[in-house]
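Peer 1: Chain by chain, the residues run as shown.
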Amino acid sequence: MSLHELIALAPLLVLAGGAVLLMLLISATRDHRATAQFATLVTILASLAAVLAPAAEQITPLMSFDAYARSVQLMVCLGGLAVTLLLYGYLEGVQEPREEMYLLLLLALLGGAVLGGARHAASLLLGLEIMTVALFGMIGYDRSRQLALEATLKYLALSAASSATLLFGLALLYAAAGSLEFGAMGAALAGLPADDRDLALAGVTLVLAGLGFKLSLVPFHIWTPDVYGGAPAPVTALLATVAKGAVLAVMLRLWLALPGELRLSSVLSVLAVLTILVGNLLALLSADVKRLLAYSSIAHFGYALVPVIIGGPFATEAVLYYLAAYFVTTLGAFGVVSQLSSPLADREADRFEDYRGLFWRRPYLTSIMVPMLLSLAGVPLTAGFIAKFYVLAAGVGVGAWILTGTVVLGSAIGLYYYLRLTIQMFLRPDGGARPPREGMISELTITGGIALGAMFGLVFWLGILPQPVLGWLQFAAG
Amino acid sequence: MDLSLWLPALVAIPLLGGVACWWTERLGRQWPRWIAVLTFSLDLALIVILWLQADAMPQAASAVPQFYWEFQREWLPRFGISLHLGLDGLGILLIVLTALLGLVAVLCSWREITEHVGFFHMNLLWNLGGVIGVFMALDLFLFFLLWEWMLVPMYFLIALWGHDSPQRGRVYAATKFFLFTQASGLIMLIAILALVWLNHDATGVWSFNYLVLLEAELSQQAEWWLMLGFFVAFAVKLPAIPFHPWLPDAHSQAPTAGSVDLAGVLLKTGAFGLMRFSITLFPEASAQFADIAITIGVVGIVYGASVAIAQTDIKRFVAYTSISHMGFVLVGVYSGNLLALQGVVVLMLAHGLSTGALFVLCGELYERIHTRDISRMGGLAKSLPKYATALMFFSVASLGMPGLGNFVGEFLVLVGAFKVAPVLTIIAASGLVLAAVYSLFLLQKAIHGPAGEAGAPVEDLNGRERFMLGVLMLGLLWLGLYPQPVLDLAEGALLPMVAIYTGAGA
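Chains as they are written, first to last, in the numbering used here: chain B, 796 to 1273; chain W, 19 to 524.
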């Protein structure tokens, strides 16, 4: 392996090495700030730097490090950085050993980074399993909380089932195509006579079902609200962003490699329409903030699926931008929830009344939450608007009117519940009196404040001056 | 000095002023109020100076829209999006109206708004800053962005400072307003995107530039659908039947400043959009659609006026009269000749002033007798002579009394429309009769007779209130007696619209 290839692999090597190093550090001395927080941040930053370094395109048949992969890995690392910062304040309240959470986080990021570059069924499975197994530990980290344990079990059982489905689907595809590398698989499948496609068709369907679980597409979404609601808030942020985003990235790569007839466009369209409508309607009915955000994240992956169905270079661009905007916004929203939550309380800040009058008590935190909700709703000048603009532009460009119309309908429904939550934060709490305002320092922990401040800035930067990002994505999709 | 830099300044001043309002709230409640007054005065001064400059700049007759000043900077070259603003006569007039009513909105909230004063004024300034931008935007992406931008502050104005009536909450009204406008806005976004894609497929260039898209070649079917997409968004804002259900709720639950702002300015963005974008981008489809649009307008005139007669809530009453007046605007726009369009412009300005004033009067009355129920009012002429005079003046203006602006506008619209659709115009004219009925009905109930159940208030209009109502009266008299400067200024902007529209219809 040449030096050039080693540099290309560096993001993965750094993350893996960082995990090992952290494990050794923990065994030597337990110190939340120095060993855990600091070592994790350094590892992720180093990996981030490695992502940005110019590198070889392809290493072994397993991995590709093209601009597309690096865009995804960049998002994974940045997402991990934000989650690390959010975890610090949150874990301060945990009585049990806290340091292992960071170890699991690094492993989950490693899985996500592998998925970003995967161009082979083996690396797909490898990345997926590294990530999922780490997430089991993270969701149930606080063993004293019953909801967290329930969430872990649900996630464990359904992940295992979906991985098995995915594996079986890949096996069928291998049987049909004789190759596990996406490009070669697609070429072989395209060469098949039409009558011999049945096996491949069954394989693709199973793969779609397996990935659908991870992306929580309707009807594979049942686990999502329970798991999102039960997991600690910073871990929910990770689940909703890195865990789903990396899977969507690899799915797009696989899908674009498949021949057109095997992309199951009509099935995917039905799934997207269902996901958008069901996700939004369930969010509308939900009276719990974490579950509301969970349903909204279901709906958002319905929107993100639209360009995947449509295909073409514009689709890649749209998906990548959508993921970037969605990462920033969701991390911000769940970040605020985790700032308001503490593991010491008997539940997290997930009820509407926890947010009533928040603006008058914690104006800074609310000033961050409101743009996040508006961005999720797709209001202009936020990242979410440009993301929706991309999706609509992709839909309109090929004349997919039903999908486009569903996106509009879903946005209108979504607006209603985002606004309902937003206005809660400005209304007076029951009883009438204006609550006393808290100081800025007590509002935000310092690390959480840094993360949320960055998300706040990014939401507006991506919404107002995204040209550098658009230019890069156009190149990455090229 | 390069006056084109003043165009972004017109938008930026309210935005910065809004931030200043928010931050200075901690110094005292008067700070945000005075900053808001200053901000709108500054904008008003700038736009009046621009008006005077524009008067000195002759415009050659042209079939392409011309602008006195244009401001263009690259923004998102990936999609051919730029920060592109342009000011023509129509824009100048509507921005003057916006800044003036902004000033009125601040003044009329002086006593009404006592909580979160800074945040209130920030929302007001940001909302009107967005509106000013809408009147200048020449890039369709920027236009859509500002179009949506107006909504969020308006939502907060209604939801946080509005009134709860027994049946409907203010949050309900605000949400309904937001949903209607946002959903229709997204339909317009799809139409914009489709237009841009069609242009991109034909020329290979991404562009959201209005002047470029004017030249886009569209198939008849495409033009028809795109026109409908734009029409829906503007018809909701106008509002035209059957897209109006948000309006009575939003108007009646909003705080006074919000109602002034909604009725006086926000509704005009719908009419402006129809004139600037709908009929010029899609002239042929619009010409085919004209009969339907005029019919919708006439239905709106009669429906709004009839429902207004039956109202007991004074703010809902004024809201329904707005629907009726906006029907005239729709009729005028789709009549498409110069006379009718000039009428539309005068009517928009006059309606903004008179309805704005009526909402101010509703707010002042509510401060004094704490009810909006007309059936509980009475005898105001005795207890509040100055107030009653003002109510009389603006009600009469609203019913279209010759000598005041509304009459000039409605008259020109009817004259222009008669050439195009005589039968419908005759029906529309009956709206004037109904207007007289509902206005006089209100005056009789509220001003004359014995004092109502709500009791006789003691405090007549104070100096601040007399000042702002006096300014609005002068404006209406000016529009009614000597509208020529306004007609001249608008003509330069309207002639190309007429040329494009009639060229397509012929």
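Just to be clear, a hint being listed does not mean it is correct.
To give an idea of the interface, some chain B residues facing chain W are shown, with a C-beta separation under 8 Å as derived from the structure [what the hints assert, rightly or not]: (1) Leu1079; (2) Ser1081; (3) Ala1082; (4) Leu1176; (5) Val1191; (6) Gly1192; (7) Thr1199; (8) Leu1214; (9) Leu1216; (10) Trp1267.
What follows is a set of in silico ranges between Cβ atoms, one per label pair, in the way DEER data are often shown [what the hints assert, rightly or not]: (11) B/Leu948 - W/Trp41: 45 to 53 Å; (12) B/Gln890 - W/Pro263: 54 to 62 Å; (13) W/Ser22 - B/Phe1147: 47 to 55 Å; (14) B/Phe1255 - W/Leu197: 23 to 31 Å; (15) B/Ala829 - W/Leu56: 49 to 57 Å; (16) W/Pro263 - B/Leu1204: 12 to 20 Å; (17) B/Ser939 - W/Glu92: 51 to 59 Å; (18) B/Leu1079 - W/Ser22: 30 to 38 Å.
Under 8 Å between C-beta atoms, here's a sample of chain W residues computed to sit facing chain B [claimed, not checked]: (19) Tyr173; (20) Phe196; (21) Ile208.
In case anyone wonders, no lab produced these hints; they're calculated from the structure. Backbone N, C-alpha and C fix where the C-beta goes; we use that ideal spot for every residue, glycine too.
Peer 1: Each hint should be assessed against the structure and marked as holding or not.
Peer 2: How the hints compare with the structure:
At a threshold of 8 Å, the smallest CB-CB gap from B/Leu1079 to chain W is about 12 Å, leaving the interface hint violated. At a threshold of 8 Å, the smallest CB-CB gap from B/Ser1081 to chain W is about 17 Å, leaving the interface hint violated. Nearest Cβ of chain W to the Cβ of B/Ala1082: about 16 Å, over the 8 Å cut. The hint is violated. Because the smallest distance between the Cβ of B/Leu1176 and any Cβ of chain W comes to about 7 Å, under 8 Å, the interface hint for this residue holds.
For B/Val1191, the interface hint holds, the least distance from its beta-carbon to any beta-carbon of chain W being 4 Å, beneath 8 Å. The criterion of a C-beta within 8 Å of any C-beta in chain W is met by B/Gly1192, whose closest approach is roughly 5 Å, and the hint holds. Satisfaction of the interface hint for B/Thr1199 is found here, the shortest Cβ-Cβ separation to chain W being roughly 6 Å, below the 8 Å cut-off. A cut of 8 Å between beta carbons decides the hint on B/Leu1214: the least distance to chain W is about 6 Å, and the hint holds.
For B/Leu1216, the shortest C-beta to C-beta distance to chain W is roughly 12 Å, which exceeds 8 Å, and the interface hint is violated. Taking 8 Å as the C-beta contact cut-off toward chain W, the hint placing B/Trp1267 at the interface is violated, the least distance being around 10 Å. Taking 45 to 53 Å as the suggested C-beta distance range, the pair B/Leu948 and W/Trp41 conforms, at roughly 50 Å. Here the CB-CB span from B/Gln890 to W/Pro263 is close to 55 Å, well matched to the stated 54 to 62 Å.
For W/Ser22 paired with B/Phe1147, a C-beta distance near 48 Å keeps the hint of 47 to 55 Å intact. Between B/Phe1255 and W/Leu197, the C-beta spacing of about 25 Å keeps the proposed range 23 to 31 Å intact. Our hint of 49 to 57 Å for B/Ala829 and W/Leu56 holds, since their Cβ atoms are close to 53 Å apart. For the hinted restraint 12 to 20 Å between W/Pro263 and B/Leu1204, the CB-CB distance of approximately 18 Å keeps it satisfied.
In this structure the supplied range 51 to 59 Å holds for B/Ser939 paired with W/Glu92, their Cβ-Cβ distance being about 56 Å. Checked against the given bound of 30 to 38 Å, the beta carbons of B/Leu1079 and W/Ser22, roughly 46 Å apart, lie outside it. Evaluation of the W/Tyr173 hint against chain B yields a held restraint, the C-beta minimum of about 7 Å falling below 8 Å. Evaluation of the W/Phe196 hint against chain B yields a held restraint, the C-beta minimum of about 6 Å falling below 8 Å.
Proximity of W/Ile208 to chain B holds as hinted, the smallest CB-CB distance being about 6 Å (cut-off 8 Å).
The structure is inconsistent with the numbered hints 1, 2, 3, 9, 10, 18, although it conforms to all the rest.
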